Amino acid sequence: MTTVVGIKTQGGVVLASDKRASKGFFIASKEAQKIFKIDEFTASAIAGQVSDAEYLVHLVQAQRRLIELERGYKPSVFETTRLIANSAYSGLRNYAPFLAEFIVAGIDTEPRLYSTDVSGAISPETFVSNGSGSPIAYGVLESTYKDTMDIKQVEAVAREAVKAAMQRDPGSGDGLEVLVITAGGSR
Amino acid sequence: MSTGQERYQPFFYGPEGRLIQVEYAQEAVGKGSTTVGIRTDNFSLIGSHVRPPRELVDPYDKIFEIDEHVGATGSGYISDMLRLIDELRIESQQYRLTMGTPIDMFTLAKRLGQYIHEYTLYSVRLPASSIILAGADKRGTHLYQVDPSGTFLRGSAFAVGRNSDKALELIIKGYTRDLTVDKAKDLVSSTIEAAVNEKPLLQFGLVESQTGKFKREV
Chain A
1 MTTVVGIKTQ GGVVLASDKR ASKGFFIASK EAQKIFKIDE FTASAIAGQV SDAEYLVHLV
61 QAQRRLIELE RGYKPSVFET TRLIANSAYS GLRNYAPFLA EFIVAGIDTE PRLYSTDVSG
121 AISPETFVSN GSGSPIAYGV LESTYKDTMD IKQVEAVARE AVKAAMQRDP GSGDGLEVLV
181 ITAGGSR
Chain B
1 MSTGQERYQP FFYGPEGRLI QVEYAQEAVG KGSTTVGIRT DNFSLIGSHV RPPRELVDPY
61 DKIFEIDEHV GATGSGYISD MLRLIDELRI ESQQYRLTMG TPIDMFTLAK RLGQYIHEYT
121 LYSVRLPASS IILAGADKRG THLYQVDPSG TFLRGSAFAV GRNSDKALEL IIKGYTRDLT
181 VDKAKDLVSS TIEAAVNEKP LLQFGLVESQ TGKFKREV
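Going down the list, the sequences are from chains A and B.
Going by the numbering used here, the first sequence opens with residue 1, and the numbers climb by one from there.
Going by the numbering used here, the second sequence opens with residue 1, and the numbers climb by one from there.
None of these hints come from the bench; they were simulated from the model.
Among the hints, erroneous ones may be present.
To give an idea of the chain A side of the interface with chain B (calculated C-beta under 8 Å), a few residues [stated by the list, open to error]:
no.: 1; residue: R82
no.: 2; residue: N86
no.: 3; residue: G139
Only a predicted model underlies this, so the values are computations on that prediction, with no experimental measurement involved.
The beta-carbon is built from N, C-alpha and C at its ideal position, and this holds for glycine as well.
With the rest of the complex left out, here is chain B:
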């Protein structure tokens, strides 16, 4: 069918029915630092590999507090990611202003998904960043991944960035429902180490269902 010669606008569906700009953005995310999230009923943990650009330069912090009960990390272009983090923080406060209560995780993930989705409709550059959200609300702990397509997924294990396929495979292999926080951290460390083939510098963020509060551990 496809000869590679068709002329279509880059932000429209291609002949295979795919949005190539979205796929390019996802390709860019795959070059970011390896980032994972693990959830059990007792906690949500996010961990990210931190890479200083070169010697004598401080690395970017990769764990962000969104609100008291939510934290986020991600992979991809850091400036795109920072913009999405800002959006998450604004959405959380906007919800607090109108409802007087903390935002629930589903709504937060959906709002970010909708924000990114707008970019997929027009001829603009999509944010090349996947976000992993960890948080707790009335209904317990949650872990979400939000992609450049605007898709958001809820689950108990996610990995994005460099060698994320391999990382995810290792996490799924090591995952049990009764994982402790320490065991989960070890799993994240060993997973990222195996994925990037070096002893990584890691940052963590944690929400425990008992407190419902997000803590940065960097």
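The following block holds chain A by itself, in its conformation from the complex:
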């Protein structure tokens, strides 16, 4: 019950989400946060069980901090995704899976976008969507995204994709949140 979208382009990455949190057929919150900054150049958009997702985000923040202190430089976006995927995988293998999916976006040496799920599988993507509204969002993404687009155009596509999903998916709605990460930082 969510729509999150991530798109990568030459100048950066963009994450977009709706703000609805559901409890069955009840709207539990209209101001849910689904995009989390991990640091200034790394962020994750979550879908699924909120408590599990938030826990893994907090866990990876702690792990990244310890790694940075030990080796002296920040984990890359891929390494960050791998750390989340490791937890997801061990959860699955111990019959206590984390019921959440993540889009991990950021810039290290270049813009990066990954998706990881309950199984701990990692896939690098140029555009991706998760949540109940994702089939609708994908309709917009597949028909409008072009790899020649710049960050502004890509941001517009991400907005449109989430908006379309909010119109037709009962699990998504209540407003739009967007995070754009470029070499200058995130906003």
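Place chain B on chain A using the hints.
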């Protein structure tokens, strides 16, 4: 102060505040074959004197690939050294498994240091081997020395084993920041030759910053 008559457990601090087991281990390392490492911004080179135990016996290889981007050599008891080499290889792969990327040199040296450090806490025999690590990571080329005390040092020139003081002195004298690989090899050869007073059989290992890959040259 010390009469030499105090009774203290050999793995505890002595009256002078030193761990004698560590010093004995370091003494044992000093009897191993002469081994050196040289680093510049362009490469890390390790070289070791190889001694066949007697005629008609093959000598041990002294240059070890740890991972694609790291190599190691060392001096001391060879079986202790092989155990430490195993540990380095395991740590590198463990890091790859959890992070999905090659281990950085500082973390690798630290992990080995921690592994050895555990031995200094209990009444066990310390590994009598000093390891020299050569490698490259995101931040360039690196050279580390890890001792039986668990101490690890980063630097541009190290020597361990027989007459290592003399070898180190000669390397420091011959070291320049713009050393080429060939010049560095010559420096290693002449240094070890002077340290052991014979024409030595040498093995080398090299990482160049350009490729970031470790190569054994034996």
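Status of each hint after checking the structure:
Among the interface hints, the one on R82 (chain A) holds; its C-beta lies about 4 Å from the nearest C-beta in chain B, closer than the 8 Å criterion. Evaluation of the N86 (chain A) hint against chain B yields a held restraint, the C-beta minimum of about 6 Å falling below 8 Å. About 32 Å separates the beta-carbon of G139 (chain A) from the nearest beta-carbon of chain B, more than 8 Å, and the hint is not met.
When held up to the earlier numbered hints, the structure conflicts with hint 3 and nothing else.
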